[in-house]
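Heads up: the sequence lines are chains A and B, in that order.
So the first sequence is residues -13 to 123, counted in the working numbering.
So the second sequence is residues 11 to 403, counted in the working numbering.
Keep in mind that a hint or two might mislead.
[Claimed, not checked] To give a feel for the contact side, a few chain B residues facing chain A, derived at Cβ under 7 Å:
1) P134
2) A141
3) G154
4) R167
[To be verified] Straight-line Cα separation of at most 30 Å, DSBU-like style, residue types lysine-lysine; simulated pairs:
5) K33/B to K370/B
6) K25/A to K271/B
7) K25/A to K274/B
8) K93/A to K122/A
9) K271/B to K98/A
10) K291/B to K271/B
11) K271/B to K31/A
12) K244/B to K86/B
13) K33/B to K86/B
14) K(-7)/A to K221/B
15) K23/A to K271/B
16) K324/B to K201/B
17) K23/A to K274/B
18) K20/A to K271/B
19) K98/A to K208/B
[Unchecked claim] Reference listing, derived: stretches of chain B covered by chain A, where coverage requires no fewer than 3 residues with Cβ under 8 Å from a Cβ of chain A:
20) 209 to 216
21) 260 to 269
These are computed hints drawn from the structure, not numbers from a lab.
Glycine included, each C-beta is placed from N, C-alpha and C at the ideal position.
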Amino acid sequence: MEFEMTKPVPEVQPWSTRFWEGTKQGKLLIQVCKDCKAKIFYPRKYCPECWSGNLDWIEASGRATIYTFSTAYSMVEPKFMDELPYTIAYVELLEGIRMMTRIVECKPEDIKIGMEVEVVFVERSGFALPYFRPIKK
Amino acid sequence: MGRGKIAIIGIGEVPTAIMPERKPWDIIYDTCMQAVNDSGLHKNDIEGVVIVSPQAQPRLTGELSFGKLPEELGLKGCRDTVLCNAGGASTSNCLRLAEQWIESGVAKAVLIPHVTVHSTIPIPELVNFFAQAGVDLQWEYPFGSTYNIIMGLIANRYMHDTGCTPEEMASVVTALRSWAARDPNSLFYGKEVPSVEKVLASDLLNTPLHKRESNVLADGGCAMVVVSGKDAKKMKRPAAYKLGESARYFSGCPVLRDFNKVGKGFRVTAQEAMVKAGITKEDVNLWNIYLAYPLAHPIMAEALEVAPTGQGGKYFALGRMSFGGDIPWSTIGDAPGRGHTGSGVSAATYVETARQLMGKALERQVKDCRYVYQNTSGGSGFNNIATIWGREL
Chain A
-13 MEFEMTKPVP EVQPWSTRFW EGTKQGKLLI QVCKDCKAKI FYPRKYCPEC
37 WSGNLDWIEA SGRATIYTFS TAYSMVEPKF MDELPYTIAY VELLEGIRMM
87 TRIVECKPED IKIGMEVEVV FVERSGFALP YFRPIKK
Chain B
11 MGRGKIAIIG IGEVPTAIMP ERKPWDIIYD TCMQAVNDSG LHKNDIEGVV
61 IVSPQAQPRL TGELSFGKLP EELGLKGCRD TVLCNAGGAS TSNCLRLAEQ
111 WIESGVAKAV LIPHVTVHST IPIPELVNFF AQAGVDLQWE YPFGSTYNII
161 MGLIANRYMH DTGCTPEEMA SVVTALRSWA ARDPNSLFYG KEVPSVEKVL
211 ASDLLNTPLH KRESNVLADG GCAMVVVSGK DAKKMKRPAA YKLGESARYF
261 SGCPVLRDFN KVGKGFRVTA QEAMVKAGIT KEDVNLWNIY LAYPLAHPIM
311 AEALEVAPTG QGGKYFALGR MSFGGDIPWS TIGDAPGRGH TGSGVSAATY
361 VETARQLMGK ALERQVKDCR YVYQNTSGGS GFNNIATIWG REL
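Kindly produce the complete structure, drawing on both the sequences and the hints.
This is the structure we're talking about:
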């Protein structure tokens, strides 16, 4: 029984390239529509609100709160087992965007819904994935 | 999709099992022949075949989508066949297609079969399929998400918002398995119903999901024969008439799913389907719910106003949705009770809806079952399709 053990990288679309270039530079970018001012996540070819192609990017503050989370202890793909336990979360950025991420640099039992977190970038195969860690007060 | 336009007049099903020696075509033969015989029609009366797509089985999907089934079964009157895929919502769409074919004169009688054989799929393929299914390959999968984790995210937020306890969540498994233990087609037929303590003592997969709150993949299949409501009435046989339907789309990507919008969608679709059927929730005798994971059932119970807001879990813990309780609920035990046959669980749930309305559910028969609410949902929950079925037009 042979499992594919290569950890996956994001399947990038032409219109999301800029996002991943940004993470490599330590920036969390949000796509915005210059016509209807919508903040867009995930990045699209055209604005999902008004179908404008007049799109741009802003840099997010990188601060967010945890909307929900789940800490994995087993039954993940073998390629991720060396990282167990790990916590997947939905975080809400101050800019009003919700994204999936990992919560790192803390014990799983300390993670709470509503906890304030900040972005930290973690390298994988040429990509920088946006993870989040608790903000130290 | 009008009131009483179609009716299910024949059903067939094989026991859900982990049985690699039982080939997909064994299941197709057995279930289709049972359903046609149950309908009272001849095989050559079947003019259309609309097939529920077997997820995770590309070879079988290819055979079925390219027209092998009517030929294999010798359905000499068949005018057309198609495979339909909307994940767990496939069967609802097969029924919609059957309705359209019957209404437009393509076919007078439509066969809707489903088969899934998980046990012969190599484990690495299965693991990879269910890790990627229903999540986004750019924005979710690279973080190490899985189907189980998506359910954990929903459940943790629900428990945070409502105060629902782990014990109450675990009691959903006890309720679902209490029905499954009495279902000859369940993987858990005749098996011990796990207590709340036993559920919580099982391995923690990802918070708050324990092993017994997850699903066992299995093989299974079923089939239905559908005709127009008018024809069903003329045939004077037990039938399940489709009386109302409503649907809402939420999102393809779980992270974009607004939990409040989902809850509202569950509520609104039920209300709209009941209005179309001309009934109220007090008329519903069975809430036949398909959500695949037990953790989502309290949310649905509240959305349907079967349980007050914040008390969905409590209602399960009180045994109200269990076999013998006062709120008949998911009488095949949903996927955790039946064994998970991919999109086939929704097909099996429709067969159970028809079985209950036909009065053929034996020990699980809901007394004087006149109206059934049934839902389906596709992918990792991209939509909800609510339907109302009745035993009379």
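Okay, the hints, checked on the actual structure:
1. Satisfaction of the interface hint for P134/B is found here, the shortest Cβ-Cβ separation to chain A being roughly 5 Å, below the 7 Å cut-off.
2. At a threshold of 7 Å, the smallest CB-CB gap from A141/B to chain A is about 5 Å, leaving the interface hint in force.
3. Interface restraint check for G154/B: the shortest CB-CB distance to chain A comes to about 4 Å, inside 7 Å, so the restraint holds.
4. Interface hint status for R167/B: upheld, as the beta-carbon distance to the closest one in chain A is roughly 4 Å, under 7 Å.
5. A threshold of 30 Å between alpha carbons decides the hint, and for K33/B with K370/B the separation of about 27 Å falls inside it, so the pair holds.
6. Between K25/A and K271/B the CA atoms are separated by roughly 19 Å; this keeps the pair inside 30 Å, and the hint holds.
7. Distance restraint check for K25/A and K274/B: the Cα-Cα separation of roughly 24 Å lies within the 30 Å cut-off, and the hinted pair is therefore satisfied.
8. Restraint check: the Cα-Cα separation between K93/A and K122/A comes to about 14 Å, which is no more than 30 Å; the hinted pair holds.
9. Under the criterion of a C-alpha separation no larger than 30 Å, the hint pairing K271/B with K98/A is consistent with the structure, at around 23 Å.
10. With a C-alpha separation of about 21 Å, the suggested pair K291/B and K271/B falls inside the 30 Å cut-off, and the hint holds.
11. About 25 Å separates the Cα atoms of K271/B and K31/A, which keeps this hinted pair within 30 Å; it holds.
12. For the hint linking K244/B to K86/B, the alpha-carbon distance of about 24 Å falls within 30 Å, and the restraint holds.
13. For the hint linking K33/B to K86/B, the alpha-carbon distance of about 24 Å falls within 30 Å, and the restraint holds.
14. Taking the CA atoms of K(-7)/A and K221/B, the gap is about 25 Å. The hint holds against a cut of 30 Å.
15. For the suggested pair K23/A and K271/B, the alpha carbons sit about 23 Å apart, so the restraint of at most 30 Å is met.
16. For the hint pairing K324/B with K201/B, the CA-to-CA distance comes to about 25 Å; that is within 30 Å, so the pair holds.
17. In summary, the hint linking K23/A to K274/B is supported, as the alpha carbons are separated by about 27 Å, within the 30 Å threshold.
18. Between K20/A and K271/B the CA atoms are separated by roughly 27 Å; this keeps the pair inside 30 Å, and the hint holds.
19. Taking the CA atoms of K98/A and K208/B, the gap is about 27 Å. The hint holds against a cut of 30 Å.
20. Check result for the region 209 to 216 of chain B against chain A: holds, 4 residues qualifying (beta carbon to beta carbon below 8 Å, three or more required).
21. Closer than 8 Å: that is the beta-carbon criterion, and the region 260 to 269 of chain B has 4 residues meeting it against chain A, so the requirement of 3 holds.
Checked against the numbered hints listed earlier, the structure breaks none of them; every hint is satisfied.
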